[in-house]
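**Q** Please put together the full structure from these sequences, using the hints given.
Letter by letter, the chains look like this.
2 protein chains.
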Amino acid sequence: MSNSVAPTPGAAVSQDRQWDRLMQMAEIGAIPGEGVNRACLTPLDREARRLLIGWAQAIGLSVSVDPIGNLFLRHEGSDPEAAPVLTGSHMDTQPNGGRFDGIWGVIAGLEAVQAIRESGTPIQRPIEIVAWTNEEGGRFAPGCMGSMAWSGDKPANTWDAVTDPQGVTFKQALLEHQQAEADLPRRTLGPAAGGPKPAFYLEAHIEQGPRLEAEEMDIGVVTGIQGSRWFVVELRGETAHAGTAPLGLRKDAVQDMIRAITALNALMTDPQDVLRFTVGRIEVSPNTSNSVADLVRFTIDFRHPDKDVLLMNGDAVENTVRGAVKHCEVTVTERFHALPVEFDAVVQNAVEDAATAQGLKTLRLPSGAFHDAQFMVPICPTGMLFVPCRKGISHNPAEYSSPEQLAAGARVLAAALAELANR
Amino acid sequence: MSNSVAPTPGAAVSQDRQWDRLMQMAEIGAIPGEGVNRACLTPLDREARRLLIGWAQAIGLSVSVDPIGNLFLRHEGSDPEAAPVLTGSHMDTQPNGGRFDGIWGVIAGLEAVQAIRESGTPIQRPIEIVAWTNEEGGRFAPGCMGSMAWSGDKPANTWDAVTDPQGVTFKQALLEHQQAEADLPRRTLGPAAGGPKPAFYLEAHIEQGPRLEAEEMDIGVVTGIQGSRWFVVELRGETAHAGTAPLGLRKDAVQDMIRAITALNALMTDPQDVLRFTVGRIEVSPNTSNSVADLVRFTIDFRHPDKDVLLMNGDAVENTVRGAVKHCEVTVTERFHALPVEFDAVVQNAVEDAATAQGLKTLRLPSGAFHDAQFMVPICPTGMLFVPCRKGISHNPAEYSSPEQLAAGARVLAAALAELANR
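If you read the protein sequences in the order shown, they are chains A and B.
So for the first sequence, the numbering used here puts the first residue at 6; every next one is plus one.
So for the second sequence, the numbering used here puts the first residue at 6; every next one is plus one.
Just so you know, not all the hints are guaranteed correct.
Identical copies go unnamed one by one, so any copy, or any two together, can satisfy a pair.
Claimed, not checked - Mimicking DSS-like on lysine-lysine, the simulated pairs with C-alpha atoms at most 27 Å apart in a straight line are:
(1) Lys396 x Lys256
(2) Lys176 x Lys159
(3) Lys331 x Lys396
(4) Lys256 x Lys202
(5) Lys176 x Lys331
(6) Lys331 x Lys159
(7) Lys312 x Lys366
(8) Lys159 x Lys312
(9) Lys366 x Lys396
(10) Lys159 x Lys202
(11) Lys176 x Lys366
Keep in mind the hints are simulated off the structure, nothing from the lab.
**A** Now the structure itself:
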């Protein structure tokens, strides 16, 4: 045995071990239909993190958390002073989410590092696996708070007053979370706190779109991420008795919402169907059947790969709403603004070369979803790799990638990380 | 003193006592802006009922509750076997309700009976003050469950499975309520259980519309109630990732709701502005900003005084929704169906004569809101009296009638009840 050639990191990846870990994680917050509902900074989130930490410590990784709850698992290279290669994703899910979005990027990072260790592959730079806080924005909007704070895109206290649907502030939830993890070593916010920047960032994720499956590709080499802008529209009218108030005298917030969304639909019309426009969240007050609504809040999620369209249509949202609404006071607040980004050629090539060397078919494609990787782009050479997912379904219990597809992704990740860690 | 002429019941009404009682009641469930949020079958509801019961027992009325929680306070006449005159209203409020809707009809009944007793007015029939369960339908839809069950319009177990926004069933809430009031004497459901019918039913209420105030009238002699139909529309689509799913491939329940309500607005257009059409409650699932909605439920509250319009437009609701919706499965459920009713001439005249004899100005008008009185019409000669309310505002903390306006209403109620109790 001692005389055999050391296996490659890719060959040391275990398909079964990775799948078993994913299925164990999927039990934490399981919902009917094989889905997962695991919101950030909840007891379920912490249970998942403890499970991950246990696996990491069992193979000798060191654990630390930063002030916004980002969790780091570190494998040392031959040069402890070298800037690390960072990989990872997030562990929170949508309320009606699946078993792979986010969590696979973290588990794949662990699998890749474990394979590098078990294969005895020598690397110079440390590799750190990160689980970013609140990527989804399902409990506290917007998403990507952990990566935005860590990278310095926004100060870490930006979202202190943001509340979840139960009225709990992000600040309160984070404090409770920190108290529950008081035994874990702390670290600083990294570049946001003036700390060293990583050498590279590479994030693995399911595609969340249909292209890799449709074109029978194994690995997506991600070229960039389309831009996203999130808005909250608040319409304040006046409540009244549904049986007595004449329609002509009402200030009905629901009817003004209909006018506003109809006008936004016209603004966002795109015959090429590249533009993404979604009203996914609506709150009505008092929300009883026989009272005219005096308050409606609804969200806008608008995305486009072209910066000019993103800016032009996004900037037109407020005036479009104001022009359509008849009776209500209008407030439009932009909650999230991320321009399109392009990923680094070195990282893209590292992914493509690793895949090709393993006989896997690759496709270069942009990401429709945003990811924590977006906020690493100004910090260091950054990239992502995708694996196919069934019918492109995501943010849904039906989300699925096979053990084989996910193992291929982990093998490519392991090889690419090893390559970048020796650069 | 013993030789003086006995005062009339109207003269024995105390404006201050009635106002003080209303203001004490308004503290139970008080919300900002002088509003009240007191949902049926809650601890607050029971606190209000105990306060009322204390006042009633202090003047010698007997107390009983029926199986659906309707509360009765009885004043005996000279003939205990005679069919009683029934008066009252409800004590629950809208979630963002005012201090007078419903509760004044109960307090006015108590004030009127107390005035009849204190004036020594001889009456033959018993007078019973009733507080009906769940008139508003704010916690459990539809409203008027207590009066519907008591009158036999619907079996008392019809709504057992109806849930409140927290998932509590009506049956559970009622059981808990009965346990909390186990010390109160029980009575049967009345006509629904084959019991005796009342001789008359007369309900006092604030107008909840602008006419009495605008025409400077003291008392509304209510001629009838417009018809009401309530529907729940459920649209089932498919959730998807807001950043990746092309709009052309989505089954977006929010967008289908926009189509449905737009088509319903067209169906319900009425240049005369007599028709009342309200979408007041909307639920969206999963209700996060970056997921396409897979489920929307919204309510329709539709009312019209003309039976033909009520039937024609109401019957067209389902097809209108189906014709407008593009992608979702549609379910339309009718939750409430009450045809327009006309009130009895004898009761209308009793109100009008009592008001005129006291020098008050009256207006005959229909009710835009529905009331428990609606379900008494098939049971016995029935009527209502209105007092003005400021700007017609109701179902709102700004709801207001003055102590003087309410005292005038109680004086007319007392005189009319005494007259009907001797018929």
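**Q** So which hints don't hold here, by number, going up?
**A** Violated hints (numbers, rising): 4, 5, 6, 7, 11; every other hint is consistent with the structure.
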